[in-house]
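Spelled out, the chains give:
2 protein chains.
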Amino acid sequence: MADGDFGSQKDCFSAKMALALVLISLLIFLKQPIQELSQHSVWAILTVVVVFEFSIGATLSKGFNRGLGTLSAGGLALAMAELSQLAGEWEEIVIIISIFVIGFFATYAKLYPTLKPYEYGFRVFLLTYCFITVSGYRTGEFIHTAVTRFLLIALGAGVSLVVNICIYPIWAGEDLHNLVAKNFMNVATSLEGCVKGYLNCVEYERVPSKILNYQASDDPVYSGYRSAVESTSQEEALMGFAIWEPPHGPYKSLNYPWKNYAKVNGALRHCAFMVMALHGCILSEIQAPPERRQVFRQELQRVGAEGARVLRELGSKVKKMEKLGHVDILYEIHDAAEELQNKIDRKSYLLVNAESWEIGNRPHTVAEPQDLINFDNEEHNVLAHKSLSQPVLDLRSVNISSSWDVPKTIVGVNPAVAPSPASKDFLNKQISWNARGSFIADPIPQLEESKTYENASALSLATFTSLLIEFVARLQNVVDAFEELSEKANFKEPDELLAAA
Amino acid sequence: MADGDFGSQKDCFSAKMALALVLISLLIFLKQPIQELSQHSVWAILTVVVVFEFSIGATLSKGFNRGLGTLSAGGLALAMAELSQLAGEWEEIVIIISIFVIGFFATYAKLYPTLKPYEYGFRVFLLTYCFITVSGYRTGEFIHTAVTRFLLIALGAGVSLVVNICIYPIWAGEDLHNLVAKNFMNVATSLEGCVKGYLNCVEYERVPSKILNYQASDDPVYSGYRSAVESTSQEEALMGFAIWEPPHGPYKSLNYPWKNYAKVNGALRHCAFMVMALHGCILSEIQAPPERRQVFRQELQRVGAEGARVLRELGSKVKKMEKLGHVDILYEIHDAAEELQNKIDRKSYLLVNAESWEIGNRPHTVAEPQDLINFDNEEHNVLAHKSLSQPVLDLRSVNISSSWDVPKTIVGVNPAVAPSPASKDFLNKQISWNARGSFIADPIPQLEESKTYENASALSLATFTSLLIEFVARLQNVVDAFEELSEKANFKEPDELLAAA
Chain A
66 MADGDFGSQK DCFSAKMALA LVLISLLIFL KQPIQELSQH SVWAILTVVV
116 VFEFSIGATL SKGFNRGLGT LSAGGLALAM AELSQLAGEW EEIVIIISIF
166 VIGFFATYAK LYPTLKPYEY GFRVFLLTYC FITVSGYRTG EFIHTAVTRF
216 LLIALGAGVS LVVNICIYPI WAGEDLHNLV AKNFMNVATS LEGCVKGYLN
266 CVEYERVPSK ILNYQASDDP VYSGYRSAVE STSQEEALMG FAIWEPPHGP
316 YKSLNYPWKN YAKVNGALRH CAFMVMALHG CILSEIQAPP ERRQVFRQEL
366 QRVGAEGARV LRELGSKVKK MEKLGHVDIL YEIHDAAEEL QNKIDRKSYL
416 LVNAESWEIG NRPHTVAEPQ DLINFDNEEH NVLAHKSLSQ PVLDLRSVNI
466 SSSWDVPKTI VGVNPAVAPS PASKDFLNKQ ISWNARGSFI ADPIPQLEES
516 KTYENASALS LATFTSLLIE FVARLQNVVD AFEELSEKAN FKEPDELLAA
566 A
Chain B
66 MADGDFGSQK DCFSAKMALA LVLISLLIFL KQPIQELSQH SVWAILTVVV
116 VFEFSIGATL SKGFNRGLGT LSAGGLALAM AELSQLAGEW EEIVIIISIF
166 VIGFFATYAK LYPTLKPYEY GFRVFLLTYC FITVSGYRTG EFIHTAVTRF
216 LLIALGAGVS LVVNICIYPI WAGEDLHNLV AKNFMNVATS LEGCVKGYLN
266 CVEYERVPSK ILNYQASDDP VYSGYRSAVE STSQEEALMG FAIWEPPHGP
316 YKSLNYPWKN YAKVNGALRH CAFMVMALHG CILSEIQAPP ERRQVFRQEL
366 QRVGAEGARV LRELGSKVKK MEKLGHVDIL YEIHDAAEEL QNKIDRKSYL
416 LVNAESWEIG NRPHTVAEPQ DLINFDNEEH NVLAHKSLSQ PVLDLRSVNI
466 SSSWDVPKTI VGVNPAVAPS PASKDFLNKQ ISWNARGSFI ADPIPQLEES
516 KTYENASALS LATFTSLLIE FVARLQNVVD AFEELSEKAN FKEPDELLAA
566 A
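If you're matching them up, the sequences are chains A and B in order.
In terms of my numbering, the first sequence opens at residue 66 and continues consecutively.
In terms of my numbering, the second sequence opens at residue 66 and continues consecutively.
Quick caveat, the hints were computed from the structure, so don't treat them as lab data.
Mixed in with the good hints there might be a few duds.
Said to hold, decoys possible - Capping the alpha-carbon separation at 25 Å, the derived lysine to any residue pairs in SDA-like fashion look like this:
{"id": "1", "chain 1": "A", "residue 1": "K247", "chain 2": "B", "residue 2": "T297"}
{"id": "2", "chain 1": "A", "residue 1": "K553", "chain 2": "B", "residue 2": "P273"}
{"id": "3", "chain 1": "B", "residue 1": "K385", "chain 2": "B", "residue 2": "T254"}
{"id": "4", "chain 1": "B", "residue 1": "K317", "chain 2": "B", "residue 2": "N555"}
{"id": "5", "chain 1": "B", "residue 1": "K75", "chain 2": "A", "residue 2": "L176"}
What the hints assert, rightly or not - Partial pick of chain B residues on the chain A-facing surface, computed with a CB cut under 10 Å:
{"id": "6", "residue": "K81"}
{"id": "7", "residue": "A85"}
{"id": "8", "residue": "V113"}
{"id": "9", "residue": "C195"}
{"id": "10", "residue": "N320"}
Stated by the list, open to error - Label-pair distances were calculated between CB atoms; the ranges are:
{"id": "11", "chain 1": "B", "residue 1": "E552", "chain 2": "A", "residue 2": "P178", "range": "35 to 43 Å"}
{"id": "12", "chain 1": "A", "residue 1": "K385", "chain 2": "B", "residue 2": "E154", "range": "50 to 58 Å"}
{"id": "13", "chain 1": "B", "residue 1": "K384", "chain 2": "A", "residue 2": "P559", "range": "51 to 59 Å"}
{"id": "14", "chain 1": "A", "residue 1": "E549", "chain 2": "B", "residue 2": "H391", "range": "53 to 61 Å"}
{"id": "15", "chain 1": "B", "residue 1": "E156", "chain 2": "A", "residue 2": "G140", "range": "38 to 46 Å"}
Computed from a prediction, not measured in an experiment: that's the story for all the values here.
The beta-carbon is built from N, C-alpha and C at its ideal position, and this holds for glycine as well.
Required output: the full structure, derived from the provided sequences and hints.
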């Protein structure tokens, strides 16, 4: 049923609505003998038009609002009618004043944020109160007006409910359930797209202004996470309706934990923000050099693929209403993240620009002769560092073990710079250099803006990997939220499935 | 007027609504002679209750929907009445069928996304059509029913409009305008909070689950950007109403560019996502060591402060409807970002963990004797690198020029490792070491997860700065959107202000 096929849902709903209207019209035609009732037929039609909403929850919620508003306003109007009659010749004025006072407070309450779901109830309340008071005053038949009106509204609401619930019901809860599952898939697609795009050095020649202004766009990577991020209001509306729905289909328990669906969605959104930030690295003008990205290709790809897999699996588990089971769903991705992290640890020199490093010694270490080595020319080191990373970069792969087979025996061949105990300190100072120049006056030249951003390019790769790792960290939270949901909603055990197979 | 003071707006609106209800009731009382009109008084009251919306734009839009729906449905119902009379004894069936067909198509159209703003119009259309057909069939007075109904609806709508527009009008456009200005201030507050929090090493002992699930929370840093991000639906609603409003107050031109307000808001949101990512660095379990953050304190602070200043200035310019003028509003922040970037260039070794670097030589360079230096013990280098960063870290400041005053004459004191021409290559290889170990089989030990995240800590600082710089880059887009708005909306020149002062 309602397999996310919105088109057929729409067809169905339209037919149901038309059917309800036909039914209420027929009832009015048939009831012609009861002339009086049918004189007020407008109330029944009005109720059907207004109360008949897309989902069962919305229909019930509106019906409840309408019923409560009508009843309470009716009671109040009758009481006020008695009171106003006591006022004798001031009756009209008392009625007018009561309308003002009640209009004021009902409107004020309606605007109160926590009473938002009952907004419609307040409208009905106001309408009923004014109508009964005014028409009752005119005809003197307060009670009669109120009762007729209430009966016809009940008739309209009854027809709406029966048609809406009995024929192909559309449940807000089911839509919420599907929305959450769909969001998982969307974020997974975005994540894959981001990692793939980043490794393939996809660049936007001109970032679409729709993305820059956060409007809807066709870009699949963008629309994937955007839909998850933007579903807040839809989710809130669906949740507000779902709690009105009686237990049905797979949502058997009373007090079904719809809030936990929203919580899972929120946790997923928290992850989606990281995917958004990853996409930001692709959108950015500041781009890491392609060859450096390739160094981490395998690891990035693995984390991306594993991340998408975890999201898809969670999504399909939400969809199938299945518990996680005993396998740690995050094991693989944590492993992949560790691998990426280790690679970064080993190659983090690729993530920074060594051109302008300033590293110095503490004065008190200037004691041993080796410490006195200082180069006033930074160029040396820059070049040195640059060529350090060269070999790795040029090979464009980590599978370069063979090229590295420098025989172990070579170690320590040159005694002038022999390693072993003393070399520790020695090396220490050897690599250091004094960037004193940078500290004299205001040494920073006004670089062009573009230069600044260019320099940031290598760091951009660091940002991408670090955001990806943060994404992995946030997955834990999604899994926690999912586990809470699967407990509270009493999802089935995956083992049962296996046993059944 | 309506200086963002929502409380007083609410008071006022409630009083207006009550007044409109009183007026319509009085009209019905007074019109008692015209018995027939007042028999249908419910339509006038209903119209007031339904059409009287918070803002002028919403009232006009609803009034228009109601008018159009009533008129078209009335016309259609009359035409159908004529037709059905031709059907003779099949009249009833023709009417029922027409109700079904019209009910189906009107409902279907209503669900169409692009017709969403006219949803209310379709409802009214349905209601009117059914009511006129049914009650007309009963009484045979189709035209009379339709005309009476239309007159009373016009009366109700007239009272609503006059009261709503003439007394303390609340404009959706003005609310949209204020919303955009407020969002600027909120994002600025968040940005400042993020940078401050990051430098003060604010850590969440336990990240509030509200943040993890992206629910509203009191955290000022979080709620600042969240309100800007979450204002999408509010903004869309306000924009939908604002375009209905006639020129008024400072929004003088016809076709006032309300869409550009939304565009500015979208561009701001695109920036706010970066602030969100910055906040993510604070929320993260992966935290950069405090002492390293201090190294960049001055620069980060400056960028943060300048960023907040730019946002606040843009916000106040939106508020005051003032053009940018000839001063480059981004000059200072670009300068600050460059300074930060330069600092990073010089100190990027602080952003990476040198513990596990693997840097090797290309095989073909293994020709000169110096190249043959290889250490099989990585420890050396780890320690070496570690102590490199030590001095800078411990001084916790960049103003450490005096401590660095190692006399220049010391350079080259030790001839064994003399610099000058040869030393270039020499150094190059000296620093290198062979991490061959890592390439044999699967060399990466299964580190604990926590260790992995710990290693990422230094990179987290790189991420923070890099996101901050990306934030600065995105500001350009906000400024562009603002300039487009200020042109199209004909904001006043700031010079005029100066001249007037």
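Cross-check of the supplied hints:
no.	hint	verdict
1	A:K247 with B:T297	21 Å, holds
2	A:K553 with B:P273	21 Å, holds
3	B:K385 with B:T254	20 Å, holds
4	B:K317 with B:N555	9 Å, holds
5	B:K75 with A:L176	7 Å, holds
6	K81	8 Å, holds
7	A85	8 Å, holds
8	V113	8 Å, holds
9	C195	5 Å, holds
10	N320	20 Å, violated
11	B:E552 with A:P178: 35 to 43 Å	37 Å, holds
12	A:K385 with B:E154: 50 to 58 Å	56 Å, holds
13	B:K384 with A:P559: 51 to 59 Å	56 Å, holds
14	A:E549 with B:H391: 53 to 61 Å	57 Å, holds
15	B:E156 with A:G140: 38 to 46 Å	41 Å, holds
The structure fails hint 10 only (numbered hints given earlier).
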